[in-house]
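Student: Protein chains in written order, with my numbering: chain R, 1 to 404; chain W, 405 to 814.
Hints were generated in silico from the structure; no laboratory data involved. Predicted model only: the values in this text are computed from it and were never measured. In this text, a Cβ means the ideal position worked out from N, Cα and C, and glycines have one as well. Take the hints with a grain of salt, since some may be wrong.
[What the hints assert, rightly or not] Non-contacting residues of chain R with respect to chain W, defined by C-beta distances greater than 10 angstroms in every case (computed):
hint : residue
1    : H93
2    : M210
3    : K380
[Said to hold, decoys possible] Listed next, the in silico DSSO-like pairs over lysine-lysine satisfying Cα-Cα at most 30 angstroms (straight line):
hint : chain 1 : residue 1 : chain 2 : residue 2
4    : W       : K585      : R       : K280
5    : W       : K501      : R       : K312
6    : R       : K280      : W       : K407
7    : R       : K311      : W       : K585
8    : W       : K585      : R       : K312
9    : R       : K300      : W       : K501
10   : R       : K122      : W       : K452
11   : R       : K311      : W       : K501
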Amino acid sequence: MTRRVVITGLGIVSPIGVGKEAFWQGLMAGKNGMSDIDAFDTSEFPCRRGGQVRDFVPSQYLSAESLSRLGSVSQFAVAAAKMAVDDSRLNGHMEPERTSVAIGTTNGEAPVLEEYCTTWVKEGYQQIDPQLIVRYPMHLIPEQVALEFGAEGQVVMIPNACSAGNWAIGFGADLIRSDEADVVLAGGVDTLARGAFIGFNRSFAMAPEMCQPFDKNRKGLMPGEGAAVLVLEDLDQALRRGAHIYSEVAGYGVSCDTYHITGPDPAGRGAVDATMSALKTSDLRPEDIDYISAHGTGTKPNDRVETLATKKVFGDLAKRIPISSIKSMIGHSFGAASAIEAVACSMAIERGKIPPTINYHEPDPECDLDYVPNEAREHKVEALLSNAYAFGGNCTVLALRAMR
Amino acid sequence: MSKRVVITGLGILSPVGIGREAFWTSLINGQTGIKPITLFDTSELACKTAAEISDFDPRVVLPGMKTGMLYRTAQLSCAAAKLGLDDAGIELDAATKPRIGVMIGNTLGVMQSYSEFYRGTLERGYLAASPLDFANTIAITVAGYVSVMFGVSSFNCVISSGELSSLNAINYGASFVRRGKADMVLAGGVEVLSLESYLLNYLPKFLSGSTPGQREFCMPFGKERNGTVLGEAGAFVLLEDYEHAVARGANIYAELRGFGVSFDSHAFVESAPRSKGLTRAISLAAKRSGLLPEDIDYVSASANSSVVKDKAEADAIRNVFGSTTDRLHINAIKSMTGESFSASAGVQVCASALALREGVIPPTLNGYEQDPECNIPLFSESREVKIKSALISASAVTGLAGALVLSTPQ
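Produce the entire structure from the sequences given, and follow the hints as far as they go.
Tutor: Printed below as a string of structure tokens:
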């Protein structure tokens, strides 16, 4: 008998709210989380806006000792984990050897590396603070989370960029299914990094004002930041302790394009394959899917290819399945994105409502599905898919379903 | 019934040789790869040596491929993939490409490229930043370039867990073979030496010779050890479904058996690995292999001349193997290859697969006095001995410990 995996706790730091209730209210209200970035000087860049987290108070979640030890990225991750564990009411009930951590990211502690580089350029590398640089290696982020909760099982960072959250959840679910763990804290994290901000500015992939997924006049992505951690738990244990169950991790599909290192395959090969694989591993049929949480970055190629891939898999059904991108509200938080989307999806199943794609004004003939424009919608969700694609042609699809 | 997973190809670029044969010849002859550093200027540093892959030229290993734009980590990654596929005799065609996945252990892969990109923006303004250089700052491209260059499309993924990365990658990669998602997975680790990654270890004085007056010398389990000597490597194995390998008449090196991991938060806080975590990881790996400790013939240790870690590892081995420790064959190949971090366990896996197949175990490169506190048997000349099972141990300063068992397929 295969063990089943359920989600029993949610923790989130996002530009539209910290904590699941503030986040959900933001999603339902179609709140625009974009603002002028002031995490670093943006005055010389053509695009200066993004999804910056404004109301995160680290000391609400972290001890003074932890704060002195943690880089800013680890702070987001540990805080989100703390909210998730509190939400699951597992505090004090996690057996250390049966508890694991898997976190995804794109840039890890990039702010540490950037500070290191700044010292290097201004004063020479001999002046770099050894206590600063030892915080850089990205596997320290999940290790900090493990330390906080006494986890002694597998502890990994999966730096799979924009699909990292889905990978971390899939990895964690596998650990529970294979009886290596009973609880896994899985999620993703990234903060706004000046280097990445420059990179997207220079790649002409950034929108100047707002993120408009699937709109005809979409101009690109908006960088964001945040963290989400989900408590994954063995179903039997969750039932025994009477836990609140948001949803079940039904399966996950992975694949990759081999078309280009940054751009998607115009035919959507990897996206189609990952979707088919998600349906297969979760024993779901296309007609079972009630909602698709889109990768929906707001770039021309992504939204076109994602729409095409959805139509290839779902055929005539595609137009009847609502598909929305919360990146329209929170921007693209890279390694955190699909973990944050998994939180939104879990709450959509729990509450029977789906978040909108905001800033949607003019339909694009190439993007002709139901994107839940501008207004949240009451909609019963029994099963859903959450798409995430990344550089390297990396394609993932997570399948969640209501607990039955 | 779960599928069996075997190793049918080795793709290794190491400081003691590029390719399986050069690597193995150096190891069994006890030839070190530790030499004065040439990759960057050490005139202002107290430490001067490391184990570099000094003769690596991507144009030689990857003829006809456009690798000039890739950062060194991605170049090594693609080169290790190529050598692994060739060693396994895999023809890349429409039938095989969708059935091959890529699972790479790497932690610091973009440390140099991100730093160079970022320092460039500080020195020359942000317009100096090129979009292609930006792709080279994103860690997933270490695996992504392998998929794109070779057209292998089952999946690609990177795992970061420091010195454990390669073992995590091999274990997770194998799970995709077991569930039938892929027939083959290129799995292992890669890590390069750069001034950036060197400083990460040099400034906090983790390196041998970083304190004035110390001798700079890599001596795993040695009495006078005073820190590690860094290395670099690309070390992949081709994991394959056993039935698939047999059907195509593949040369099988070894079968993957059990894997165990443990995280010790106390060690994390103290930056001092204890034997507890590794003891548990080794026990778990043996148990999940269906083996008793006495069934294991050989332990490839991760000892790297670090004062605390080597002692903890020796203790862990004795904790698990008890009185049978003295009949074990144990070596620490980092005495020759240096500490290549995320790639290091991959290098150990390649060496162990060869030891199982060739019936020879490389020595711990010696010439120093063993620490009596590290009470395990070592040997200084390679040994000809038929072995059936090997355990690869890996432990990190941060408290992560892991072990993987390989066996000759029965």
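Student: Could you run down the list of hints and mark each one as holding or not?
Tutor: Hint check results:
In this structure H93/R is separated from chain W by more than 10 angstroms, as the shortest Cβ-Cβ distance comes to about 17 angstroms. At roughly 22 angstroms, the least C-beta separation between M210/R and chain W is larger than 10 angstroms, which holds for a residue marked as non-interface. For K380/R, the requirement that its beta carbon stay farther than 10 angstroms from each beta carbon of chain W is met, with the minimum near 31 angstroms. With a C-alpha separation of about 11 angstroms, the suggested pair K585/W and K280/R falls inside the 30 angstroms cut-off, and the hint holds.
Between the alpha carbons of K501/W and K312/R the distance comes to roughly 22 angstroms, so the proposed pair stays at or under 30 angstroms and holds. This hinted pair checks out: K280/R and K407/W have alpha carbons roughly 19 angstroms apart, not beyond 30 angstroms. For the proposed pair K311/R and K585/W, the alpha carbon gap of about 23 angstroms is at most 30 angstroms, so the pair holds. Restraint check for K585/W and K312/R: the C-alpha separation of about 21 angstroms stays at or below 30 angstroms, so the hint holds.
Taking the CA atoms of K300/R and K501/W, the gap is near 29 angstroms; set against the 30 angstroms cutoff, the hint holds. The suggested pairing of K122/R with K452/W holds, with an alpha-carbon distance near 25 angstroms, which does not exceed 30 angstroms. A distance of roughly 25 angstroms separates the Cα atoms of K311/R and K501/W; the hinted pair therefore holds under the 30 angstroms criterion.
Comparing the model with each earlier hint shows no violations; every hint is respected.
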